[in-house]
Amino acid sequence: MSTLTETKSLVGAFTPEAFAAHLASLPPGLPAWWLERKRAAYARFAALPLPGRTDEAWRFSNVGGLTLDGFAFPAAATAVPFAPIGIKKSAKLVFANGRLFSREVLAADLVARGVIVDTLQNALLRHEALVKEHLLAQPPKFGPGKFSALHEAFLADGAFVFVPKGVELGHPVGLFHYALGADAAVFPHSLVIADDNAKVTIVEYFGSTVDTEAQFAAGANDLYAGHGAQLTYIGKQDWSHRALSFQSNSTVVRRDARVQSLNLHLGARQARHESLSQLQAPGAFSEMLALTVARETQEFDQRTLQIHQAPNTKSDLLYKNALLDQAKTIFSGLIVVDADAQKTDAYQSNRNLMLSEEAEANSLPGLEIQANDVRCTHGATSSRIDPEQEFYLQSRGIDKTTADELLTFGFFEEVLNRLADDDLHAALRTLIQTKFTK
Amino acid sequence: MPSLVIQDLHVAIGEKEIVKGLSLTIKSGEVHAIMGPNGTGKSTLSKAIAGHPDYTITAGDVLLDGTSILAQEADERARAGLFLAFQYPSEIPGVSIANFLRAAVQARMAEGEELDATAYYKRLYAKMDMLKIDRKFTSRSVNEGFSGGEKKRCEILQMAMLEPKFALMDETDSGLDIDALRIVSEGVNTLRGPDLGVLMITHYQRLLNYIVPDYVHVMWDGRIVKSGDKSLALELEAKGYDWVKKELALA
Ligand SMILES: Nc1ncnc2c1ncn2[C@@H]1O[C@H](COP(=O)(O)OP(=O)(O)OP(=O)(O)O)[C@@H](O)[C@H]1O
Ligand SMILES: [Mg+2]
Chain A
1 MSTLTETKSL VGAFTPEAFA AHLASLPPGL PAWWLERKRA AYARFAALPL
51 PGRTDEAWRF SNVGGLTLDG FAFPAAATAV PFAPIGIKKS AKLVFANGRL
101 FSREVLAADL VARGVIVDTL QNALLRHEAL VKEHLLAQPP KFGPGKFSAL
151 HEAFLADGAF VFVPKGVELG HPVGLFHYAL GADAAVFPHS LVIADDNAKV
201 TIVEYFGSTV DTEAQFAAGA NDLYAGHGAQ LTYIGKQDWS HRALSFQSNS
251 TVVRRDARVQ SLNLHLGARQ ARHESLSQLQ APGAFSEMLA LTVARETQEF
301 DQRTLQIHQA PNTKSDLLYK NALLDQAKTI FSGLIVVDAD AQKTDAYQSN
351 RNLMLSEEAE ANSLPGLEIQ ANDVRCTHGA TSSRIDPEQE FYLQSRGIDK
401 TTADELLTFG FFEEVLNRLA DDDLHAALRT LIQTKFTK
Chain B
1 MPSLVIQDLH VAIGEKEIVK GLSLTIKSGE VHAIMGPNGT GKSTLSKAIA
51 GHPDYTITAG DVLLDGTSIL AQEADERARA GLFLAFQYPS EIPGVSIANF
101 LRAAVQARMA EGEELDATAY YKRLYAKMDM LKIDRKFTSR SVNEGFSGGE
151 KKRCEILQMA MLEPKFALMD ETDSGLDIDA LRIVSEGVNT LRGPDLGVLM
201 ITHYQRLLNY IVPDYVHVMW DGRIVKSGDK SLALELEAKG YDWVKKELAL
251 A
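Residue numbers (our numbering), protein chains in the order written: chain A, 1 to 438; chain B, 1 to 251.
Hints were generated in silico from the structure; no laboratory data involved. Don't take each hint at face value.
30 Å max Cα-Cα, derived DSS-like pairs, lysine-lysine [as the list claims (entries may be wrong)]:
{"hint": "1", "chain 1": "B", "residue 1": "K16", "chain 2": "A", "residue 2": "K400"}
{"hint": "2", "chain 1": "A", "residue 1": "K88", "chain 2": "B", "residue 2": "K122"}
{"hint": "3", "chain 1": "A", "residue 1": "K400", "chain 2": "B", "residue 2": "K165"}
{"hint": "4", "chain 1": "B", "residue 1": "K122", "chain 2": "A", "residue 2": "K400"}
{"hint": "5", "chain 1": "A", "residue 1": "K165", "chain 2": "A", "residue 2": "K400"}
{"hint": "6", "chain 1": "B", "residue 1": "K226", "chain 2": "A", "residue 2": "K400"}
{"hint": "7", "chain 1": "B", "residue 1": "K127", "chain 2": "A", "residue 2": "K400"}
Facing chain A, from chain B, some residues (calculated, C-beta under 10 Å) [to be verified]:
{"hint": "8", "residue": "R77"}
{"hint": "9", "residue": "L82"}
{"hint": "10", "residue": "Q87"}
{"hint": "11", "residue": "S90"}
{"hint": "12", "residue": "L162"}
{"hint": "13", "residue": "K165"}
All residues carry an ideal CB built from backbone N, CA and C; glycine is no exception.
Next comes chain B alone, as it looks inside the complex:
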């Protein structure tokens, strides 16, 4: 069964170590949620796995279907089936959503294979309708001038178009209003299935009411310090991070 295995991962930015030995195995079909205080290294973890060049992996490994991806460029990792929904998606002036996604879809096709434009637009519009994104957005520049919620929806649109094996979703729920949260969650739930593994970073238990996780992990100072099922999120919500801190101090 396909899996994404994070083995004792250490990630540094410059000289500073941010992720300090994190291990986690996500199997296809599973949804894992990671919660943790600000600055604990959640985004660093997801960007390092996606292959951001600013993040140095000082120790450990990341295996996609048993193969280390650490030597691969970000685009190779993406084509191998990894997807990162950004906490703060970049704005790209002058590059339309349609052209951008087209290039991304094309990048996954075999050499010499032609993109069927009609089929592409049909699929794109279907996914946009599902996420209730106005079709006019196809001609807008990627994320430029998008509201926070529109950006997040657009991330899920990309995920839906690119059909990854493993998705790292970094605070996809932040900035979404109540309706958008429901629409985006429904979108993710539609994509959910035996062929997709998800690592979902969030601060809010309410997301987990919509996308019910199989596992919940608490990340603290660059490590996973506690794991459990969805009830852990409820417990966290009720007791706050001080509870985790006290438990840590006792241990």
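Chain A extracted, bound-state conformation:
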């Protein structure tokens, strides 16, 4: 009897029965290794305790706010909101409650050149080897990984993007994930492979229809940039303001490849975002960017790892948070330089703009360097609105709230300016704006 209660508290709504029902709901013909991995993941999830106050990997997080209880597996959606990112796309996949809802297919010439934008379920059937090589292939590096295990266990479907050698996509691929309905639990996933010298931009969006519904999301993505590939990833998290969100992103960068990722954090009541970059061969470069607008009692918990595994690799991280009201942010970042990764150039910076006396920003920058010929810099700052700048704007008739908003955008601009694409830049600005007008 007591074991039963204990098990239940560890799994919440994600019971063994729920897992069995999930497996039963999957289409026939999925590879056995994948089902086996899911079973193993469920066992890990069920055995691991919820993060506790003394967990180093969750330092400063409100672990009391973490819960697995009360969530449900939502039915298929009948409608989704209008796609909020008004830019031209090469292809689009829209998922609602974990199922493909709609799609815009690639142009025929891109299909003919071997580009694939499809569901993970289809990819597991048709491109099994590729999926097996890359899907959730990196071990958890941000603690024991209870939520990553939960993601793997319940992942039903997601996006699969493959851009073959030397192919460049002119417009971004749009991947949309919606959670619809109260208590909905979703497990979004995107697997993106840019083969050697390929070039692609991914725009991923996470959102809800009703901003006040409690929801649960445990998502992940895998980005792989082959030799000389150029991969740009834009992620926008805009879940309902009562959602609990976990997202674990992994990026592998090969020789002379360049990955730029920008994560925009707007939604959820409590959101943890883990971002791992592995620079695996000389010339690899990962630029890691993030912007957060934290309001009311929101908590954004960002954990990053820049792992330099080969010489002459470069990483550049810039995370900027704007904090209002009683919001809280955590940035915990670590640069790891392996012994043979000489001539590493690594940069890490977390900047917080405090727009309220009651907001709280925590920064834990870190270095772990085994090589001796490296250049690594890191730093964290918190600042307030400059009263002279505020007065200058006010003296032009702009009210204080709007002035602060303009100054916050000014603060973000350094990050947005890193984007090469002006349309994307404008679309992101608009999206951030909605958070202020709410």
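We have chain A already, so just place chain B with the ligands on it with the hints.
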């Protein structure tokens, strides 16, 4: 007729009194120049009128069209028709001139009224052309990396866009080269008219050759100690402030 009335104004920074009982009435259409040695409180006066929160008004009043503005925030005063061209304009990284001015123009529109973007840019470009400011500046961050002269020109651009009733211009001429001085002065003269009153703070008589004032005041230790017409500026230039000091000592 619209007026800006400064009545026995006392302004303190912290415990220190800087402006010590200054009275001045500017009527619409008039240009008043204030001259005075460094540290005498000219910028303090202009920032206090504009509503800078660091400056405490310990006594006196400022009336815009007969209504006291002292209870209003800086942005309300600006929307009521006041404009301050700063001696040292702030640099605002990441906020473009276009977005900044747009927000300022929008702030003056009625609730629910939409800004006509095409008309806005047309007007902005016309004013920029008048002040010989490169149109590329619209996408640059406000004052960031601007030369001293570019900053001053940008202040006048804002004034031209916002069409205030009363403008306080704090050393708009300093840092301007000869050509820029002429361009900026011409710009101000274009704006000059029955609907604008100007309080112009300057150290140099040469500005007053371009923008001819109706009145010239000498400010000394937080007060206006002498007033006259444009010839007073010439006299000051010739005799220096020691002359004023001696006159003061005699009085
Ligand atoms: N924020 C401040 N804190 C303390 N003292 C100040 C502050 N601002 C101005 N002061 C002092 O107030 C006095 C008047 O300064 P203000 O800038 O008004 O002079 P000004 O007449 O404009 O001089 P200038 O011709 O050099 O521009 C000076 O002694 C100055 O040091
Ligand atoms: Mg001054």
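Results for each hint:
no. : hint              : verdict
1   : K16/B <-> K400/A  : holds (27 Å)
2   : K88/A <-> K122/B  : holds (29 Å)
3   : K400/A <-> K165/B : holds (22 Å)
4   : K122/B <-> K400/A : holds (28 Å)
5   : K165/A <-> K400/A : violated (52 Å)
6   : K226/B <-> K400/A : violated (38 Å)
7   : K127/B <-> K400/A : holds (27 Å)
8   : R77               : holds (8 Å)
9   : L82               : holds (8 Å)
10  : Q87               : violated (12 Å)
11  : S90               : holds (4 Å)
12  : L162              : holds (7 Å)
13  : K165              : violated (12 Å)
Hints 5, 6, 10 and 13 from the list above are not met by this structure, while the remaining hints are.
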